[in-house]
Structure formats: C-alpha cells, structure tokens
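Colleague: For reference, the chains in residue letters:
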Amino acid sequence: MTAETLIEVGDLRREYRLGEVTVPALQGVSLSIRRGEFVAVMGPSGSGKSTFMNLLGCLDRPSGGRYLLAGEDVGRCDADRLAAVRNRSIGFVFQSFNLLPRVTALENVELPLIYARVPAAERHRRARERLARVGLAERAGHLPRQLSGGQQQRVAIARALINDPPLILADEPTGALDSHTSLELMALFQELNAAGITIVLVTHEHDVAAFARRVIHFRDGRIVEDHPVQRPARAAEMLAGSSAPAPPSLIT
Amino acid sequence: MNLADTARSALRSLRANKLRSGLTTLGIIIGVAAVITMLAVGEGAKRTVQAQLKSLGSNTMIVFPGTITASGVRLGTGTRNTLTEGDARAISEEVPGVLAAGPGMRGTAQVVHGNLNWSTVVFGVTPEWLIAREWRVARGRGLDDNDLRTGAKVALVGQTVADMLFGGTDPTGQVIRVKNVPFEIVGLLAAKGQSFAGNDQDDIVLLPISTARSRVLGGGPGRSRTVGHISVKMADGVDMTEAEARVRQLLRQRHRLQPDQDDDFNIRNLSEVVEAEQAASGALSGLLAAVAGVSLLVGGIGIMNIMLVSVTERTREIGIRLAVGARSRDILTQFLTEAVILSLIGALAGVALGLGSAAALGHFAGWEIVLQPHAFVLAVASASIVGIFFGWWPARRAARLSPIDALRYE
Ligand SMILES: Nc1ncnc2c1ncn2[C@@H]1O[C@H](COP(=O)(O)OP(=O)(O)OP(=O)(O)O)[C@@H](O)[C@H]1O
Ligand SMILES: [Mg+2]
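So the protein lines, in turn, are chains X and W.
Per the working numbering, the very first residue in the first sequence carries number 1; after that it's consecutive.
Per the working numbering, the very first residue in the second sequence carries number 1; after that it's consecutive.
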C-alpha cells in the first residue's frame, strides 16, 4: 500500500444560479484521498454529495477552489483534456446506470475505447474480458432492457473498468437495487478495491457504507464528519453465508 | 472515433427512425433527381445542337441584302437588291481564309413529275454555293460552271423531293417540271435531316442560278446579276469575327458607302443562330436548376429540422458519451455524419429517380438524353454539401452541451 495522494481538493465550491437566486451547493470542501482508499460519502438529501461527485468526475466545473487529480490541476484543463481524463483516469457509475439503450452490453462496455481510438478487435477482446470479470460473460449480446437492474449496473461497472482507471466514482450505485443485489455489487466493489482501485461511493444506507474503509458525512455543502471504519464488513463472506444462491463467479 | 465506427453508429440511429429518416430525405431525393434530369436533358440538347451545327458548318456565314432606311422606317431585310454575283466573286478572291463563297436565290415552287406534284423550296445556286453549304451528291453529279454559263435546265433534288415524286426509285435522268419548265435531274443530294429550326432540309430542289433567275424565280434578264444571298464558308480555324469584319469592309467599299452610311447588307453568322438556340435550351436547364436548388434547400432545411429534434431527443445519450470520454469534436462528427449519411441516402434514391425520369423523357418526349459520370459526382457532392451545411448547426448544438447538463436532461 502506497500512501500516495490521488485526490486533493481545497476549498472546492459550486454554486448553481437559478435566475436571481444563487444556490450554494458546495461551500468550501477540502479533502485528500490516497490511492487504494474506499470512501463512502453520506449525508442528507441535498447536502451536495452528487455535486461533489460530478466535480470529482470532471463532469462539471467548480465555481471556486482547487482540484488535483494524481497531481494534475484539472481545474485548469481545457475541455478536451477533461474528456481524456474522464476516458482514462475515471470510471463513473451512476444510480440510473446510464447505458445506451439501443446497443448491446458488449458495445456499451466498449464505448470508452471507441473514444480512445482502440482498434475494433482489441475493443471486443477487452470488453468481453471486463464483462466476464463482473460475471456477465453470457449476456454480452443483450440489450440493456433485456437485463435486470443489477445486471445493468454490472455492465456499467464493466464499462467504468474498461480503461483500467485508478479511480471509480459511484453515485448511489445501489440506490435502484434490492438488498441482495446491492450486496453482490458491494462484493464486486470490494474486490476491485482489493485489486488497488480507489473507490469513492455515495450512499444513504449505513449497511452499504459499512463496506468502505472511510466514511465522510456532508451537510449543507460542507464536510461535517470524516472517520475511518475500523473493521469494514466483508460482502463476499456475507454472501457466502446467506441462504441466497451464490452469485456468478466474481473473480476471474 | 474512426470513420467506420462513426458511419456504423450513424446508420444505426437512422435505422431506429426509418420512417422519419425516409421522409426527411424526400427533398434531397427530388433535388438530386432534378439535377440528374437537368444534366441529362441539357447535355442531350447540347449534343443535338452540336450535331446540327456540324451538318450546317459552324464556320459559315450568310450575307443578305440590307434594309433601306427610308425616313426612319426600316423596311426589312432584302428590300433592296444590293448583292451581286460580283460581290460573291470578290469575297472568295479578296477575303483571306475563304474556302468558298457562292450566291444563291430562294423561292418556293410547285414541282411536277407525271401526275405527282410537290410544293418545295427551290434555290438557284452555283458550285461554290454547294461547297459553302456542304451539300454532297449521293448519286449522279453536282453542278458545274458549264451549267451556269449555258443556263442549262438541270436540277439537283433533295431526298424528300425524290421520295415524294419518285417513291424511292432512282430520280437521276428523270425530268421534272418547275413552274412548267422541264429540268433534267442530274443528281440526288445526300440527306441532311432536320435543321435546328425543325425544317426538313432535304425538301429542296437546286438549279443553276442563271437558269433559276431567268426561268423560275422571276425577275427576268433585266435585273441580272443580283442575288438573294451569298453563302460563305471559311477554312477551319479562321477567326469568324475577323472574317466577318473583312467581308463587311470589302462590301462597304464595293457598294461605295460613306463612313456615315449604314450597311446595305446583313451578315449572319451561323454560330450566332446556334448560340440563340443554346440560350433557349439554357433557359430550360436554368428552370430545372432552379427546381433542383429549391428542392435541395427545402431538403436541407428538413434535415436540419430532423437533426435538431434528434439532438434534443438524444441529449442523454450525448451526456453518456461525453461522460465516458467523447470530446465535443467527436459529438460534432457523429451528428454531422448522420446528416451527411441521411442526405447521401437521399442522393442515391434521387439518382435512381433521376435516371428513371430522364429515361422516361427520352422515351416519351423523344428527347436525346446523355448521362455523364460527372452528373453523378455533382449530385452526390451537392447532397453532401447540403448535409454538412444544414447538419452543422444541430451538430454544434450537440457538441456544445456540457456533460453534466446533458446527463441530467430529462
Ligand atoms: N442543476 C442544478 N441546478 C440548481 N440547483 C441544483 C442543481 N443540482 C443540484 N442543485 C442543488 O444543489 C444542492 C445539492 O444537490 P445535490 O444533488 O448535490 O445533493 P445530493 O446530496 O446529491 O442529494 P441526494 O441525496 O438527494 O442525491 C441541492 O440544494 C440542489 O437543489
Ligand atoms: Mg445525489
């Protein structure tokens, strides 16, 4: 385990302007996250968690403050550079999956590689490999609507993994899933974290946050609590112990 | 994103809305069909005119007697008999580059053989005139100087006259009566077909000018030596404008015209006639071009409209693509490609429709239709330009979306 810093934010701010009114969604957040961490972000609705995640994911630009990702000041990057950062360095997992509805699971997973200009044969190979890693090798040819919610989220995770990013950001990834499916998904996240990938995950559920190794609490656009989890729960063990059938192989 | 991927994904999203895509391309289809038809008809007309021009001789000019201006009233071409056989001879001897210059007189007459008769155009001409007008003899002989000197009662007949009076049998050696004067047919003229004014050029009888003047076309010996017109053929490569100027100068000198006096003759260059003809077919092409232009414009606006709808409908898709690393340039290319593919599909259908309508025009209207490869290149190129031009604005709107705004769009 290295202690190298991956994310460094200082006094990060984001205001939304709605006509005359200004909504201060993020009011000065400072934080650093080291490589290999598994951070859960919690807090009441409207406290700025998604706003914060979108900034970390370079999907949005801050109104003020600094954001260094792997030492690079992404606040100063132009749009094309940010696109490259989203493509190579960050895998984003959304609550609503955000898969392209008209293309197969395999093609959804390939999508980032298309923009990385990877040749087709190599794209297929890697996308199949990632789908196998999330336990969906047999579903490669299915359209999103032919998959369950949990399976769709796995496809989204496979897509996030396709370029081997150091960082995975997940905004309420289990929000639309039942508890068993959530458990399976958390086992997958823990496995990815064990493989060295840094994970930042927003959740409302303490059960889910219990799988992280550090929990941050937001309130009114500020961090009000930041503490480590002494003994994170082990999702894979809980699955094995439960009466439900074991999930498809999570480990390649 | 490479071109093949872009094209494939563009085709896929167009297929998702087959009916809408099909209707959108209608304007392009009609526009391209009009372009193809226009070029096929225009080129066909051009070839027809060129073929006729060749049969007439492009480096030919005709000198007509001029008008008299009597107290400001122009009395029309040929109201004064100002041209003579001497003028014709002078032109052939003194103007450089003249191949042949021959006088001619024109009239109409009833031509009779046995109990058949036929009303036709009768020309009194010379051997030089035959050369200048490019008449060739298919059978028998032409006219010679001896015929002219002796005022021989011999005639050359055109194919149509021969058909009418002799029903396809050899007319040479037969006798026809022109205004009751018997003429022996010594030659059958080679067929020329229609003139570009639509007249049958083979409906003709040619007589020696001396005989015609005294026996057939009136005037009598008293008004000898005046002629109806002079046909002049220049050698290939002679500048017609310059040749015309020289002929004019020579005739003004011979007619002793003062510098302040108008010409008492008119020179008509056949290429001017052809130019007028081409201007007429140009007007038709212009009309078709306007139809093509308007259709392509309407088609383009249709494409722009449908692409704007598509960008709005697919805002979330754009957000997803941006989130996984598409640059705004990639999004621009994607939507531009869709617009271009849409118009290219329209162009292909338009080419098919254009080929069909050109063939139909050729078949039913009897127009000559010439299809050239560059017509297809032009059609496809104009459709692509329409696609790029009208697809640009919607594509740019898509490309300017911010990732998070696009993702949050409902
Ligand atoms: N696009 C926007 N325009 C205006 N205001 C916004 C926008 N997005 C978020 N906000 C406001 O910013 C604040 C923080 O919103 P955010 O979505 O970050 O909350 P959250 O912590 O993710 O909440 P939840 O748990 O419900 O997802 C809220 O007050 C919200 O109304
Ligand atoms: Mg949220």
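Treat the hints with care, since some could be wrong.
[As the list claims (entries may be wrong)] Restraint-style ranges between C-beta atoms, simulated for each label pair:
(1) W:Asn305 - X:Met238: 32 to 40 angstroms
(2) W:Leu11 - X:Arg145: 17 to 25 angstroms
(3) X:Ala195 - W:Thr312: 17 to 25 angstroms
(4) W:Asn305 - X:Arg234: 32 to 40 angstroms
(5) X:His180 - W:Leu308: 39 to 47 angstroms
[Stated by the list, open to error] Some, not all, of what chain X presents toward chain W, calculated at C-beta under 8 angstroms:
(6) Asn54
(7) Ser63
(8) Gly65
(9) Arg66
(10) Asp80
(11) Phe92
(12) Leu106
The set of hints was computed from the structure by calculation and includes no laboratory data.
All C-beta atoms, glycine included, are put in the ideal place defined by N, C-alpha and C.
Colleague: Identify every previously stated hint that the structure contradicts and give their numbers, smallest first.
Modeller: 1, 3, 4, 7, 8, 9 and 12
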